[in-house]
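Each chain, written out:
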Amino acid sequence: MVLEFESVQKSFRDSEGDVPVLRGISFELAEGETLALTGESGSGKSTILHIASGLEAPGSGAVRVSGIDMTDLDDSGRAALRRSEIALVFQQFNLIPSLTVAANISFQAALAGRVDEAHIQQLVGALGLADQMKKYPEALSGGQQQRVAIARALAARPKLLLADEPTGNLDEGTAEDVLDEMLKLVAQTGAALMMVTHSPKIAARMDRQLTLKNGLVA
Amino acid sequence: MTLTCLRALLSHWRRNPVQLFAFLAGLALATALWSGVQAINAEARASYDAAASTLGEGQYDLLLPRQGDRIAQEVYVALRRSGWLVSPVIDGRLGDVRLVGIDPVTSPGGIAGSMSNEGQPALVFGQANRLIANAQTAGRLGDLAEVTINADIAPGVAIGDIGVVQNLLGRDDLTRLMVLPDQPGLQPDLGEVAPQLRLQLSDQMADVAQLTDSFHLNLTAFGLLSFAVGLFIVHSTIGLAFEQRRGMIRTLRSLGVPLRRIVVLITIEMLTLALIGAGLGIVLGYLIAALLLPDVAATLRGLYGAQISGTLELRPVWWASGLALALLGTAAALSSRIWQIARMPLLASVRPRAWVMATSSRFRLQTIAALALLGMAGVLALVGEGLVVGFALLGCLLIGAALTLPAVAERVLTFFQDRSTTPRWSWFWADTRQQLPGLSLAMMALLLAVSANIGVSTMVSSFRLTFVGFLDQRLAPELFIQVENAEESARLEAYLLQSTTDLLPLLSTQTEIAGQPARLFGARVGPTYRENWVFLDAVPKAWDVVEGGRGAVVNEQLARRADLWIGDNIQITSDLTLPIAAVVGDYGNPQGQVILSEALFGNLHPDLYPTRFGVRTEDPAQLRQDIVAALDIPDSAITNQAAIKALSLEIFERTFTVTSALNVLTLGVAGFAILMSLLTLADLRLPQLAPVWALGLTRRSLGQLELLRAVILAALVFVCAIPLGLALAWVLLTIVNVEAFGWQLPMFLFPAEYIQLGLYALLAAFLAASWPALRLMRTPPSALLKVFANER
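Protein chains in written order, with the numbering used here: chain R, 1 to 218; chain D, 219 to 1010.
For reference, chain D alone in the conformation it holds in the complex (with noise of 0.2 Å):
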């Protein structure tokens, strides 16, 4: 029985490949994007992981110079000797290759350990020539030096033997030095020692997977709402699965199958096919994310530094979590239908009933639900604070903005079939009313696909516009100059003076402010900064005041996560605290940074000395050629502006390419959505399509109603969809980029870029109905007269 019965709800689908198909590709396609995302998340964050293991990155508190980037071999000798238990790390780049030298017999046991091969230390102190990595890596090192591969050790990145590191890069000094959790606690105090160095707490450091963690949210959030939209498509193709198996299912049960038998082979059926599908889809979602992924990995290391690996893993945490979502997406649609068949009359007329026929009570729930979450919504951006109201948010948001779609639908169609005068468009607008309920569920998809397009591009295009002109302020010196020590800046430094327009040393060292961790930096305030810099806030004649010590120049992410304004004060050291002169917005930097005047700087740091110049010249490129033959710097150490301008700009670029193209996708799916919601419709019109058909209309004129109908219903969608769309990109530049990046955006307008975006959605209604359209054209006199013989 059970195999009879199965064979006959199977045979629906080899009747109806549409559906099917519909089905299929709609869990694939939400699957796909979802766990191309996870796969891209995952691999990101095993990469962080790895980084963390191999190299004790975020784990050990560290000595780390006050000024440049090197410490002489001796301090660490020194710092040994009077008892601080430390362990030297050198850290440098050959080529692509990060290369981390680390002493095997002073580093902490768990990064030695990590590195062990079967049982044995994979290094040995002095070991000519080798290194560790992953087998990426050792690819890229070549015949540099002998390599274990070591499938752990972070992508990008190569260890050996401190000493042969140190060779590999043509140096004698060190990075930094570990310092062991266990020590001796009769050591002298740091500053009398090595006072060249500062301790880094390892709770101080900005932890790579923390920061890049709402670079994942946002991946995550796109993800989910790709998978929102697939799943319309489900919960549309198993209603009207259902919808047409009804007579099906009551002959079943009269013939003698058991309900329970019946609603148990249907979930075995549905889960099974929903499995096929999300296999299909996690597949396709492989293959996007290895897409994908080298774009990811240049936005990351570009914004975090964060190095990610280019080969992807099929990980389980990516395709089970896709696996489930598309089970568990399956299983909500299902439920509902399941319920309905339980309580399905069985002797009760079986003819066709229009499919999901909203009743006047089901529009009034769906208008409450919407409500309700609109009004949540309200609330949520009135009070709310963090990333995950942020998210909620925004969730309410297009939810309850989609529920309300169907009830706008009817009102706007209302209007225009009250104003019609002839009875074609009297009974178009009609007929369009009475399509909304098997229509709203791809109205609602595209609804949320383009809303988002909107938000997003808005966001984006807001990001850029502010972005350039933030270069344009910060990177007003045309050339910018790296000194090696304090002598060299000195020589530079009275070099520029004579041949100058303006120049800016730049003083800096790190710090912790305001309980976080920060750059202080010191400025030698003149023309430049005065011209250029915008504040978001700042007190009258800022710059004099900071100029004369009274004041400093914060940056946004540090003012908004320590809670400071302008007219608070801020404690810089233990001995000085200034009020806030000015808030500065900083763009694509995760870090807090702080301005005083050069003078100011000096008083707190004594032996620092400038190692960066910004420069005025009118003739930049004489300039570099005079500072490498008068002085002996490398051309190396000389950037020009517009070098770095258009290096920061291809780096925001790409960091955006991932959200396009979901994007893109997005849109894709919400087209396919309307699609297989008129493909799998069009059947169900004939009973409705007849009568008018028989009443004069042609086919060809029905074909073409039809098609208007998809671009008129789609051009309501958009009109909808830009408001909505603007309101979502408010709470992602003032809410959610708030929390997640530290800086507020201003929100700029983009008509011709939505324009484009509206053509391309009617576009896409206009493709997806042409099908159904052409079907409708072609179909023969002999099927539409069968619904007047009442044999269909």
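Bound-form chain R, shown alone (with noise of 0.2 Å):
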């Protein structure tokens, strides 16, 4: 499995005391697997992917990204295992504005020291940037700031693709072809992806669905 959630349990503290987000959920991910997280808003969707990610650590319960328990990690190790194991995509791009579209895309696998220029120029071509390399990402329209930023992701030969509704941003029509183009990606590079979404119409096109409600699955 790439990814495990065993009873996982998260709570955030407000004026008002503990306020539980999660109550105990639990899921597993194989790879090149696609699975939706969906649900109302404050149902507890981001919460899940931050713990994925290893960006928030859960407050019981067990999560293992490629079989290594992230509980037993401290923040450096749980950087490690996300430079290595994990990518993200953010609704709104997170691309780094100082540098070029090429510099981002190399970024995230230089960073995990793994660059593969023929991995990344397939991507790029796929993607439809090749002409937009030396560009900045403030040059870029929406839709291909995304494509950037699943170029990013991708590049890195992540196990766990995560996105945090990747296409919110985006007209209806680029919403689609981005869409199309990353699952296509995922498919070839088989990656297990985690997509949070509102639309049920994306959420209809992934391998499976879990539907959360006030902490639990639906």
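Fair warning: there could be bad hints in the mix.
[Said to hold, decoys possible] Chain R regions said to be covered by chain D (calculated; three or more residues, Cβ under 8 Å): (1) 78-84; (2) 97-108; (3) 111-120.
[To be verified] Not everything, but these chain R residues come out facing chain D in the computed CB check (under 10 Å): (4) F27; (5) G54; (6) L55; (7) G59; (8) D75; (9) N94; (10) M133; (11) R152; (12) A156.
To be clear, the hints were calculated from the coordinates, so they are not data collected in a lab.
We put the beta carbon where it would ideally sit given N, CA and C, even for glycine.
Assemble the dimeric complex from its two separately framed chains, guided by the hints.
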């Protein structure tokens, strides 16, 4: 399994005390499998994504990525696991504005120490970014920026791709195109994909759906 | 990973060169002004140390003539024969070089030893025509003598065997005798062997380093102020750079870079940049110091008689302190940002936030801190004493006022917003309020610079007015004549009594009064004193009291240092104590002075005769000619009153050249701070301006409003700077000057100067805002439209 959640609980503290967000979530994600995480706002979707990426620690339970239990790792260990096994695609693209498109795409692969130029060129070609490589992100449209973010994520050959509403900022036509390209490339690389989405249409294109309600799997 | 991450961090500066320039230039300017001032101070102190170690100045007790400035050789021989272990010194000037002759055999080991060259004594008794000096002084001596170069010799001084120097000066007498530390203890009293000499203990001598301390402290305070203004730029640039890199830092973390690594890399990055900026600043500081050093040297020579080297050395003490301050300043600005990074929620929205938006709690905290500092300033003003307290008071006042500025500006802008009737102006005032957090650091820098300018120029101009008035009082006689001996003195007096309207013989001797070195004068009280001298405080008919031998006039320095005033008694000698009849201002003189009547002085020192005469006459040129012709007194011994006044004023003006230069530089740095803040904010302004543009304001109008905003904010700063500057002047005149120089000056106001300064501040703000405004006017519509497309 690429990702395993086992009875994961998580609470946040606010002025009125502890607010439970996840109340014991368990699920698995196999290699090459795609999973849509759906549910109302505040149901805990993003929290699952943050815990799966190691950006947040669970309150209790176990989270394993490629068999490694995240709860045994400190911040540096989780960061190392994120570099080597996980990639993230955000709604806001989160490109580095001061780096060119080319430098942005190879960035995570360089961090992980495994830049594969041929693989990058293949991704660039597939995403139609060949003419944009020397530009800076500010010169690109939203759809192009999200393509760069996808290329950056897949260039590092992650085993787990986590996407947080990756087409939420794009118009319908562009969103469709970007999603097509992403799913095709994920299938080619064999990575597992977990995507947070509000769109039933997008969720329907995933292998499985996990709907959350009040911190539990509905 | 480290390299990739560092490359990403550094790419920010490559894409934002203006910000990089602002950071480096801010730090360079701050370090330049600080290290330049420190370089000057270090050079001066090294010169004082060299003088102390090579000439023994301030280290040994001295025997000095009670009258005049020469000792006959026979007196020295008599003292040695009677058992006094003394060593002769002759001191004189040859052109602009001070020649000091010592006796290598009898001089204290420390002095001769410090001049040894590679283990060999540099001075050999009677060695023909050889002097020792540093390279610079050697150049000035030319072919006059063979010169051995020794870098440790004080600047402007050449030392040689006493016989050699006597020959060069054409004299056969001595200037002083150094009393060696280990006296046999059986020698007769000085009064028996050499009644014409007096003993001056080394700890009573006015140490030049001590005398000039206040001058250097003033320079340091100015350097620190400039540094603070520069640091405002650094702080604001670092804040902006972090704000703009929030997204990048979040992305780096989400891509697997550990927090600790990011913190370490950012720290290394910023400190490396700080090192580069500080390095540039040190080079710039060296140039500033080299430029200002001649004026400082002239000031120190004029005010204190201190010689300092005209060339600048790269001394670790100043460049290291500049570097350390720059790094510390950067680290301080960095630490709060690093703390923010550590607490930053990772996957929250990374939309660009209006940078450093002040929350009401931040404003509240800042205002509380400001009030606390202003309260502390009030307490220090009421109860504090001493120079350090004076500067602490200045610090509290300036920082407290600077921190209050955003709150004051907020209220003023709200006032205008509430009264604006058109939507355009309503938006303008509201938008200006919104800019306050981003501009407040630059505004504070401008406030500090302008108020420092007002404060210092008020002090200098008040000083100038007082000083000119003081010269008119003191230099009432049209001619001053110096005599060589008692016989010449008597002849001159007899001659002048027939031909002048008022004759003022000046009797004087060096002594110790109220535990301090002081000059005691005997004055013939006449109409000149009565009509011209203005006292700071006096008993009724003070000159009558002095003339009758029932009181003394003391100068302000002595009165303040000894904590005496009118009505108190002052002990002149062990047998004579007099009430203080008047306290008189005495500017530009570090020493205490006491004035008695001529008769009383004569009773105390019957062997002394007037060596200097002030003469009132209606035809000074004719009288001068007559004296030279009739009495064979050289023309060079007669000084014209106008010449002395001109010289004194020239010394005064040069004294404040450094201050004026630092004033201008500080204002320049503040103008630069505004420019950098506006430039770096310009990009963040687009989302705020695009909607107004879309609603119908042209880019040209927006640019013009940006210019107007800068000028209005500068005007607001200027209005706040006036009371602050005047408070600063008050502290300088009534606290710092009294502690530093021993005198208090009246404060005058110079509205025309302030208005001129205000116009400069507005011009600086206008110029600083021109570039960003022009950029805004030329922003392509597509860039503004992107704001609505959410593609920025």
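Hints, one by one, checked against the model:
no., hint, in the structure
1, 78-84, "holds (count 6)"
2, 97-108, "holds (count 6)"
3, 111-120, "holds (count 3)"
4, F27, "violated (20 Å)"
5, G54, "holds (9 Å)"
6, L55, "holds (5 Å)"
7, G59, "violated (17 Å)"
8, D75, "holds (6 Å)"
9, N94, "holds (4 Å)"
10, M133, "violated (15 Å)"
11, R152, "holds (8 Å)"
12, A156, "holds (8 Å)"
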